[in-house]
Amino acid sequence: MDYNFSELEPRWQNWWRGHGVYHVDNASSKPHYYVLDMFPYPSGAGLHVGHPLGYIASDIYARYKRLRGYNVLHPMGYDAYGLPAEQYAIQTGQHPAVTTEKNIARYREQLDKIGFSFDWDREVRTCEPKYYKWTQWTFLQLFKHYYDNNEGKALPISTLEARFAKQGSEGLDAACTEVLDFSAEEWNAWNEAKRQQVLMNYRLAYLADTYVNWCAELGTVLANDEVVGGLSVRGGYPVERKLMRQWSLRISAYAQRLVDGLEQVDWTDSLKEIQRNWIGRSEGAAVWFPLDVKSNANVLPGAQAYMPQFDPQPVPSFEIFTTRPDTIFGVTFMVLCPEHELIDSIATDEQRQQVQDYVTWAKNRSERERQAEVKKVSGVFTGAYAVNPLTEERIPIWVSDYVLAGYGTGAIMAVPAHDSRDFAFARHFNLPIRQVVAVEKDAVSDPATWSESMDAKTGYSVNSGFVSGMKVKEAMAAVIDKIEEMGIGHRTVNFRLRDAIFSRQRYWGEPFPIYYKTVDGQQLAVSIPEECLPLELPEVSEFKPTATGEPPLGHATRWAWDLNNRCVVENSKIDNVSVFPLELSTMPGFAGSSGYYFRYMDPHNDEAYFSKEAVGYWQNVDLYVGGAEHGTGHLIYARFWNKFLYDIGLAVKEEPFQKLINQGMIQGRSNFVYRSKSDNSLFISKGLVKDMNDVTPIHVDINIVDNDVLDLERFRQWRPEFADARFELEDGKYVCGWEVEKMSKSMYNVQNPDDLVARYGADTLRLYEMFLGPVEQAKPWDTNGIEGVHRFLKKFWRLFDNLSDEPAAKEELKVLHQTVKKITDDVERFSFNTCVSTFMICANTLTDIKCSKREVLEPLVVLIAPFAPHIAEELWHQLGHEASVCDAQWPVCDERYLVEDTVKYPVQFNGKMRFTVDLPAACTQDEAIAAIKSMPEGQKWMDGKEPRKVIFVPKKIINIVL
RNA sequence: GCUCUGGUGGUGGAAUGGUAGACACGAGGGACUUAAAAUCCCUUGCCCGCAAGGGCGUGUGGGUUCAAGUCCCACCCGGAGUACCA
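Last residue of the first sequence? That's 2094 in the numbering used here, and every number before it is there in order.
No lab work stands behind these hints, which were simulated from the structure alone. It cannot be assumed that every hint is accurate.
Stated by the list, open to error - No more than 16 Å apart at the CA atoms, straight line, and that leaves these computed lysine to aspartate or glutamate pairs for EDC-like: (1) K1495 with E1372; (2) K2065 with D2050; (3) K1953 with E2027; (4) K1927 with D1980; (5) K1234 with E1260; (6) K1262 with D1980; (7) K1942 with D2026; (8) K2036 with E2059; (9) K1265 with E1739; (10) K1791 with D1980; (11) K1404 with D2026; (12) K1705 with D1694.
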């Protein structure tokens, strides 16, 4: 009987479905294992062969773990909210829900054909109310908590209120937008509006005026990881900085824990590094620089607030952050960012106009312009001076946009000799440069002769007062000690990680469970009761922003909260007494995807996000498979989300994803035809093209090319303009050129898995995707090799033709057990490509020795089941089993069968391999040397000499040094 | 620029300090067949040689080692991330 994959694959898929083979229970006496694939966004284009790569790898591992006796959770669902469906809605009027539903159906159809072991009973979709109820719920918890730095965790806002009523802000160390200082009396005297405003300063989900990445084309703000090089990741539209009132998540409160947590997880170093860079922890010092009062007479009165510590003799001053406190003796100017609040008050009359012009110019510059012109130095002198607190020198204060408002304090001490940016600035404006660090204590040179600054954190301090002669590290510590002693600064840590902007001016996302109440002339954000969740997304007439520039939810006519009836009502009922307007923004894409792995544990729970029992059993994700492109987005947000849920007692593990494997990107392999430039209908086969300048390479659909040979007929039919194509052939064939490029429609190199499943079957596709190379490595997709894998399956199938129940010979069992050992080892280290090779070697050997013994073949069926589940299930049943092969037992390698009587030793002379010799396994070094000496080849290479040294590694190698 | 990766036949890749190129694809030759498909067998890193045999070979140059694709140092090239983060 032939291997009829197109018949047996759908048959077993149905059987699995009918028998609930992939249904997973939370209660089990078995050990648990959670395998997760990154949440897919169901795009309209469907799956191409790159998408299932990770799913196949995780499926193999999940099935393997199951065979080893684990209860394996392996779910799948959809990150269904997102921009593409909404953009499509704006263009066509088609409701995003409809598009999304259609795309999901297509995805599911494609996934089903590949034979994954997903438990579809646990499917979640972020756009479904029963799912986003818990996204909204988590948002409310964030809204109702603050981060206490002393406790190192999130605490309820009510704790904070109680504290304020009792002792004000005294002794509070909490993550906040702005450090506030008030007493209990003040707090108790404030009205509700003021108190709420203060509380907002501490909430983990908070509303604030922040500079955001505004994308006019998309009509929404974007998070930092959604912008690359000043352009939106989705669509590539320009992004500008804009001050807007937005919801943000105080992820920065968790920055240190996000760095620390990386130590506990089993991720690749490169991914951990991406996260560390993104979080950007740097140690240094915060130092207050007093203003030179004499030269800044106009700032005196109001400026005291900048330096409360200087009481009782207030000196106006401003705070800077530096990672190089040791270089403080080399400061020759100060720089403020254009947004700095001090600028207005310190600019002198002579400089005022210039400064204002510069600030205006800088603020209006788009983010893209600014980034594109990084090398271009710009700035202006304020006319004001600061005083170096250690040298009491007068230092000019400049404004420049190379200092960023969002990092540190938006002000720096410039040390041009030891910072490349300060160096460029100093050179451009002719400011002095002073060397304060040298490689050796006396290696001082004139900075005027330098071509670049000396940024290295090594060497010795020079020209630096009391730290001169110290090593850089010592000098850093000494300067900080001094500054702390003087009370003008302190050791501190800064993070690059910014709070995540959480509002999107879009329709297709989770609504915020927030309404706005006007109290004492102020709009206060108030949460709707948790029991009223989910707050469902309303219908709108249009998906575009409103005429007044409000987000699409502004079109909703029924989008107001009725406080008394606890429900959504018509906007016309808004009276600001008991009916209030609801928030018009929606949540971003990462809202729904940050905690989805929890929901899979308990997907139908309406009482809780997930039950204590469920999370107690599954704990966290043991293995997470997905792309490294989520390193700065999803993987940070999810870790933050998880840590917060841990703090409030829901999650039981601090880190959500214990082990993570990045699947490499599958690149496309494009094919080209070469059209003659002199004859527009003539196409020249690749080998006949003499000069590439005479021809135009044209992308040709890889589906009409086989092994780089063009199907001429299908090419003529492909597009009307090629109908009359003529060809110059080599050996009667048209050979195409090829190149590795991104897989994309426009390059006609997209390979869709359905075609391959139809042609070769799902098992072949699964094996081939693995055979291509290491999972984590990027590689081009090339269908050319798929035949070999398909041939292997046919060969494997044929082994069962003359199945025999006779006991297997020792040699046959050896083949089996070698295979068991190698496959087990390789699966454990996720080396699936070598597994496929091992199966091939095994099938080749068994075919050669004509082995068709049940004793050998039956365990092989189990071994291959994770890789090629359909053929395995079929053969398993042919072998007489009634239950699924999924619940078989993983074979165990019996080392007894692997014991060799003789070993083929490679013999090296001076480290060069010359010949091999068969020796008994128990052979000693002396016996081996004697044997070699007795061989003609041995004598030839010994050349009459005695070995000076012999390295004898039992069962490995013999090396004779002459 | 910085950080992380990777560099092995015509191609994808294998080799956890111990015979470099497993396993496949492709290519060439052959068997079976009226023919095709399917299947099977042989050859296939490069150079010298009829052969036996030998030399050279894992981006480049050094080093450690009895032994290096693998470890160390420097450099070159490709890919990814990030980008005025003080």
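Structure-based check of all given hints:
no.: 1; hint: K1495 with E1372; result: holds (10 Å)
no.: 2; hint: K2065 with D2050; result: holds (14 Å)
no.: 3; hint: K1953 with E2027; result: holds (9 Å)
no.: 4; hint: K1927 with D1980; result: holds (11 Å)
no.: 5; hint: K1234 with E1260; result: holds (15 Å)
no.: 6; hint: K1262 with D1980; result: violated (58 Å)
no.: 7; hint: K1942 with D2026; result: holds (12 Å)
no.: 8; hint: K2036 with E2059; result: holds (14 Å)
no.: 9; hint: K1265 with E1739; result: holds (11 Å)
no.: 10; hint: K1791 with D1980; result: violated (40 Å)
no.: 11; hint: K1404 with D2026; result: violated (39 Å)
no.: 12; hint: K1705 with D1694; result: holds (8 Å)
The structure shown violates the earlier hints numbered 6, 10 and 11.
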